[in-house]
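**Student:** Just so you know, the sequences run in chain order R, A and H.
Mapping the first sequence onto the numbering used here, position 226 (from 1) lands on 226, and the numbers just tick up by one.
Mapping the second sequence onto the numbering used here, position 210 (from 1) lands on 210, and the numbers just tick up by one.
Mapping the third sequence onto the numbering used here, position 174 (from 1) lands on 174, and the numbers just tick up by one.
Treat the hints as calculated values from the structure; they're not laboratory data.
Among these hints, one or two may not hold up.
Said to hold, decoys possible - Calculated pairs, DMTMM-like style, for lysine to aspartate or glutamate (alpha carbon to alpha carbon, straight line, at most 20 Å):
{"no.": "1", "chain 1": "A", "residue 1": "Lys39", "chain 2": "H", "residue 2": "Asp89"}
{"no.": "2", "chain 1": "R", "residue 1": "Lys10", "chain 2": "A", "residue 2": "Glu270"}
{"no.": "3", "chain 1": "R", "residue 1": "Lys179", "chain 2": "R", "residue 2": "Asp61"}
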Amino acid sequence: MKNNDKLTNKKVQSWIIFGLAILNIVAFIVLSNKLYFRIDMTEGQKYSISKATKDLLKKLDNNLILEYYYNDKSKEVKEVAQVIQYVEDMLKEYENAGKGLVNVVIKELSYEKPKDQALIAEIEQKGIQQFALSESGSTESKSLLGFSGMLLTYKENQSVIPAIYNDQGFEFRLDVEIKKIVGGGDERLGIYFNAKDRTLEKDFRYLKQVTEREFKNIHRMYAGQSIPQDVTILLIVGGENLTDFDVFQIDQFLMNGGNALFAVNGINVLASEYGIYGIPGDSKVFELLAHYGVRINRDLVGDNQSYNPIRQGLSLARYPLWIKVKSANFNKKNVMVSEIERINLLWSSSVEILDYSKDKAQTLFSTTKGAWNQTENFKLDLETYKYPIQEGKKDYSLAAAFDGAINSFFKDKAVPKNENGEQFTGSKTDAGTTKFVVIGNEQFIQDNFAGNDEFIFLMNAIDWLSKDNSLIEIRNKGKFSKPLDKVKDVNVHNFLKSFIIGFTTYVIPIIFILIGVILFILRNSRNKKIHEFYNKDIKS
Amino acid sequence: MMKSIIEIIVNSIVLFGVPALIIGLPLALLPNGVRAMYKKEIGGYFHSSIAYVFLALFVIVPNIMFFHFFGGIFKEDLASMRRFFSMLPYVFIIFIPGLTMGSWAKEKNSGTIELLFTFPVSEWQILIGKFLAALTLVLIALFSALFIPLLTQIFLGDFDWGQIVTQYIGVIFLSGCYIAITFFLSSLTMELIDSFLLSAALLLILTIIAYLPSVVSFPGWLEWLRKVFVWTSLSTHFSNFSKGVIDSRDILYYVGVTGIFSYLNLRSLESRKWS
Amino acid sequence: MINVRNLVKSYGNSEPAVKGVSFDIEKGEIVGLLGPNGAGKTTIMKMLTCFMNPSSGTIEIDGRNTVDDPLYVKKLIGYLPENSPQYDDMTVYEYLKFTAEIRGIEKTLIGDSISKMIKLSSLEKVVSKKIGQLSKGYKKRVGLASVMIHDPKILILDEPTSGLDPNQIITFRKILRRLSEKKTIILSTHILSEIEAICERVIIINNGKIVANDAIQNLIETYSDDQYVDFSVEADNLLEVELEISKVKGAWKIEFVKKESKKIFKFKALVSKGSDFKNNLKEFINSKGWKLTSFETGEANLEEIFLKLAGEEEDK
Numbered sequence: 001m002k003n004n005d006k007l008t009n010k011k012v013q014s015w016i017i018f019g020l021a022i023l024n025i026v027a028f029i030v031l032s033n034k035l036y037f038r039i040d041m042t043e044g045q046k047y048s049i050s051k052a053t054k055d056l057l058k059k060l061d062n063n064l065i066l067e068y069y070y071n072d073k074s075k076e077v078k079e080v081a082q083v084i085q086y087v088e089d090m091l092k093e094y095e096n097a098g099k100g101l102v103n104v105v106i107k108e109l110s111y112e113k114p115k116d117q118a119l120i121a122e123i124e125q126k127g128i129q130q131f132a133l134s135e136s137g138s139t140e141s142k143s144l145l146g147f148s149g150m151l152l153t154y155k156e157n158q159s160v161i162p163a164i165y166n167d168q169g170f171e172f173r174l175d176v177e178i179k180k181i182v183g184g185g186d187e188r189l190g191i192y193f194n195a196k197d198r199t200l201e202k203d204f205r206y207l208k209q210v211t212e213r214e215f216k217n218i219h220r221m222y223a224g225q226s227i228p229q230d231v232t233i234l235l236i237v238g239g240e241n242l243t244d245f246d247v248f249q250i251d252q253f254l255m256n257g258g259n260a261l262f263a264v265n266g267i268n269v270l271a272s273e274y275g276i277y278g279i280p281g282d283s284k285v286f287e288l289l290a291h292y293g294v295r296i297n298r299d300l301v302g303d304n305q306s307y308n309p310i311r312q313g314l315s316l317a318r319y320p321l322w323i324k325v326k327s328a329n330f331n332k333k334n335v336m337v338s339e340i341e342r343i344n345l346l347w348s349s350s351v352e353i354l355d356y357s358k359d360k361a362q363t364l365f366s367t368t369k370g371a372w373n374q375t376e377n378f379k380l381d382l383e384t385y386k387y388p389i390q391e392g393k394k395d396y397s398l399a400a401a402f403d404g405a406i407n408s409f410f411k412d413k414a415v416p417k418n419e420n421g422e423q424f425t426g427s428k429t430d431a432g433t434t435k436f437v438v439i440g441n442e443q444f445i446q447d448n449f450a451g452n453d454e455f456i457f458l459m460n461a462i463d464w465l466s467k468d469n470s471l472i473e474i475r476n477k478g479k480f481s482k483p484l485d486k487v488k489d490v491n492v493h494n495f496l497k498s499f500i501i502g503f504t505t506y507v508i509p510i511i512f513i514l515i516g517v518i519l520f521i522l523r524n525s526r527n528k529k530i531h532e533f534y535n536k537d538i539k540s
Numbered sequence: 001m002m003k004s005i006i007e008i009i010v011n012s013i014v015l016f017g018v019p020a021l022i023i024g025l026p027l028a029l030l031p032n033g034v035r036a037m038y039k040k041e042i043g044g045y046f047h048s049s050i051a052y053v054f055l056a057l058f059v060i061v062p063n064i065m066f067f068h069f070f071g072g073i074f075k076e077d078l079a080s081m082r083r084f085f086s087m088l089p090y091v092f093i094i095f096i097p098g099l100t101m102g103s104w105a106k107e108k109n110s111g112t113i114e115l116l117f118t119f120p121v122s123e124w125q126i127l128i129g130k131f132l133a134a135l136t137l138v139l140i141a142l143f144s145a146l147f148i149p150l151l152t153q154i155f156l157g158d159f160d161w162g163q164i165v166t167q168y169i170g171v172i173f174l175s176g177c178y179i180a181i182t183f184f185l186s187s188l189t190m191e192l193i194d195s196f197l198l199s200a201a202l203l204l205i206l207t208i209i210a211y212l213p214s215v216v217s218f219p220g221w222l223e224w225l226r227k228v229f230v231w232t233s234l235s236t237h238f239s240n241f242s243k244g245v246i247d248s249r250d251i252l253y254y255v256g257v258t259g260i261f262s263y264l265n266l267r268s269l270e271s272r273k274w275s
Numbered sequence: 001m002i003n004v005r006n007l008v009k010s011y012g013n014s015e016p017a018v019k020g021v022s023f024d025i026e027k028g029e030i031v032g033l034l035g036p037n038g039a040g041k042t043t044i045m046k047m048l049t050c051f052m053n054p055s056s057g058t059i060e061i062d063g064r065n066t067v068d069d070p071l072y073v074k075k076l077i078g079y080l081p082e083n084s085p086q087y088d089d090m091t092v093y094e095y096l097k098f099t100a101e102i103r104g105i106e107k108t109l110i111g112d113s114i115s116k117m118i119k120l121s122s123l124e125k126v127v128s129k130k131i132g133q134l135s136k137g138y139k140k141r142v143g144l145a146s147v148m149i150h151d152p153k154i155l156i157l158d159e160p161t162s163g164l165d166p167n168q169i170i171t172f173r174k175i176l177r178r179l180s181e182k183k184t185i186i187l188s189t190h191i192l193s194e195i196e197a198i199c200e201r202v203i204i205i206n207n208g209k210i211v212a213n214d215a216i217q218n219l220i221e222t223y224s225d226d227q228y229v230d231f232s233v234e235a236d237n238l239l240e241v242e243l244e245i246s247k248v249k250g251a252w253k254i255e256f257v258k259k260e261s262k263k264i265f266k267f268k269a270l271v272s273k274g275s276d277f278k279n280n281l282k283e284f285i286n287s288k289g290w291k292l293t294s295f296e297t298g299e300a301n302l303e304e305i306f307l308k309l310a311g312e313e314e315d316k
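Using the sequences and the accompanying hints, generate a full structural model.
**Tutor:** Written out as structure tokens, the structure is:
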């Protein structure tokens, strides 16, 4: 029958259309997964991974496995729970940005569950650390064991982030670890110590901790030792005992593309039984730096407007030589310091950029306009300190960064012999391009004086010096939780909470129902009017 | 203080303006069939007690869950509505089918479907009118929850409003998607209870399917299946919105699912012509 | 106005509900579709109103095909489905307003057209009552008002009087008559008097096919020659008589009525006037050796004729 043909035709047609539609949908899904955009609407782009991270993930040519483990107890502590949530969210962003090469595994484990025991033992052996949780509830506070850490695997390389209990800087930490195992970071750090009795383990434990996070191997050197071939960044802490040969080595290191950070005191402060006094520094490094165009002055800078007060008995004493650099006085144009809020410098010397290198060097941070410098009579006892005559108050530069071409200090000069009296045999380079940072203070990274901000500056500086400084901006990213803290009074706080719960949960439904009643009444009266209207009509 | 008040006002305008646009624009631009249908459906909701019961429950139940059980803002003392929104895909499993179960099933049952489809308007106009009406009701309930951040912001602490705007944008897509799915299932059934159970079951599956891989471990060669499950789930695509990130893929997913089910709905309505 | 050609509708694989129906309806005609339940009347109407598409065959309304151009066709038609389904939660006024809006009547004219419909269907007393609370009669009138609110050229009414009591039927007919001057009306019914009272033409449908399609007057003339004959036969075996007696020439139909006694069986036959049925019967009975015990003729009732034509009795 003709009609039947038509019907089967129609069926065939609709099947073809159906098939095409399915194909279209699949194509659409594939395409939309390739071409997509993400907009992070949160304040501070909390969930956006930075360009540095994306570039890092682009370098992957193999599967990167990120395993994140935490235990159930950690999730019960609200501060840590926030961090866990944030880490999970960020890992998803990594997975997203990884274009299929980043595999994220997230596991919640429990000490109480027997089947988790083996895995917990395994990951703890791999380096994930326990930490003590303390939850201060309203009535009691309990102490628990928690862990929240990551294992990273790339090819045969493994790395671990032992404990994550802070969302601040998480992305940075993870990136650094990824960089380590992916093998992008081939930077080696060398640290030159001023005195033989100084060690990383004893005097610079924080420095050790912080630098070891980013560098696999750290070479320690003392005056007279040669700089190993693979070092790319040099940290010079104090210059007092450096020999001519050392200075020559440093000069050549810079000429050949190495980068360095000089933390050298203009005035060395000594504490003895007779009190605290300062001795002007006498180092070959001063000459070297001055030759390059940055001078560390043999002075101490005091700042009347911004310093760390010293507690003396009940009162606070004025001691302007302990400078606190204010956030407004950091060079906002330089990534190293643009995000830093404060740095404490104890007995710091001023750093001066000489005229002939003005276009290559810039000040990183300085004092306020109410600062002065002291060049003699260094009796520095905290209690009895006497202000020097303060002439020409101005802002003193405290640190500088240099980036550009330099000539060798030893050009047209004789090459010094080393400790054993041997002549340097290699070829000498007379000119080169380099980056270095100068700060007239070596205390700021010592365990007794250093804090978080000082190390952020130090590590930012090291990043800036290393070839890849993309990570600087994300080092300090984080701290996003917004506490409810407008009201300090607990009773008022609790009352307002109950009010909000009561209003939104119970009053609003009642309002809805009231609106319903009003609408009902309105409808009835309208109906009445309509009724009257038509029935009047019929009577007339 | 002044600044935060201005911020609240601006945000409220944005937050209430978006749904007003989403519902108002089609109503204004599309033919009068859509408008008449929308008015009729809204009238149907609000003239019977359905709307009020729905609204009251839809406010009370999620709020109680949020404040008392899911560690909501006042337990954590953090200005965040995130837990509220990540709860919604599950709350919707019961509430949306409850609202839309009658959309077609009731018309079929009472025979009024014959009236609807002999009016000189096309099926899609009727569908869109009904869709927007249901969406309106859902959004009224959801936007009444906006008082939580508003009051909290005034009294207790500042919110990240970018996140809240995103969460609301997401929830519009999410509810549209759920409504489209339940509409389609309602068009397949004659009885309200069938429609409700069928819809709730399908929504439950589509919502929790993402968690299957974490319960059952998949062997390596079934890795693609795990991905399909995760990708298919209605709830996974909401997680970006609930944390404050708009991803074009999530939008496409929701728009796509809404579109596919609306298309199937039209086809199932048209099938009466051929059966 | 309406041209239907070879219309077939089958549901799934079962026997078609409509098997090749063709008819034409001119502008301004009032046509009744008459037939027993399940004859296919409602199916035809659903196809006319674009609620369903034909499995084959075409329907053209005002020159447009219902499958290709449903929106145009739907605008021309006011369709009142069987049982007149409505939204019970709405008041009469709200419902009329809704239908006016969805049919695209201009905003400024909506009020007027509602008032007109309320007057026409005499709905003043119930205008603000919920439809769910109305009696069946009122419901039908609301239905009628709602399908005429846009002043359609064609009205299609499926069983408009079913379920109404006699008074309501009379009111309803009055309304229909008032309308009949300007509109093409198709109504389906299984009650003949309905057709006699309103329609000019009747299409009789049985089992998905048209049995008769003619003006009522013509049908009456055609069948007015007919009469009923009651006769009794005396014989031994009822079964044999029943089988054989249908062979007698001159009757449309012969039916067994009842046993008058053990050997006397009463029959009823529909015969045309002037046929030689009586003689044929006598001869046949004699040839079989039976006995004709009584023979009476009576005028045929029109309703009975139509129902016989339709082949089945309504209350079966």
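**Student:** Hint by hint, say whether it matches the structure.
**Tutor:** Structure-based check of all given hints:
no.	hint	result
1	Lys39(A) x Asp89(H)	holds, 14 Å
2	Lys10(R) x Glu270(A)	holds, 14 Å
3	Lys179(R) x Asp61(R)	holds, 13 Å
The structure agrees with every numbered hint stated previously.
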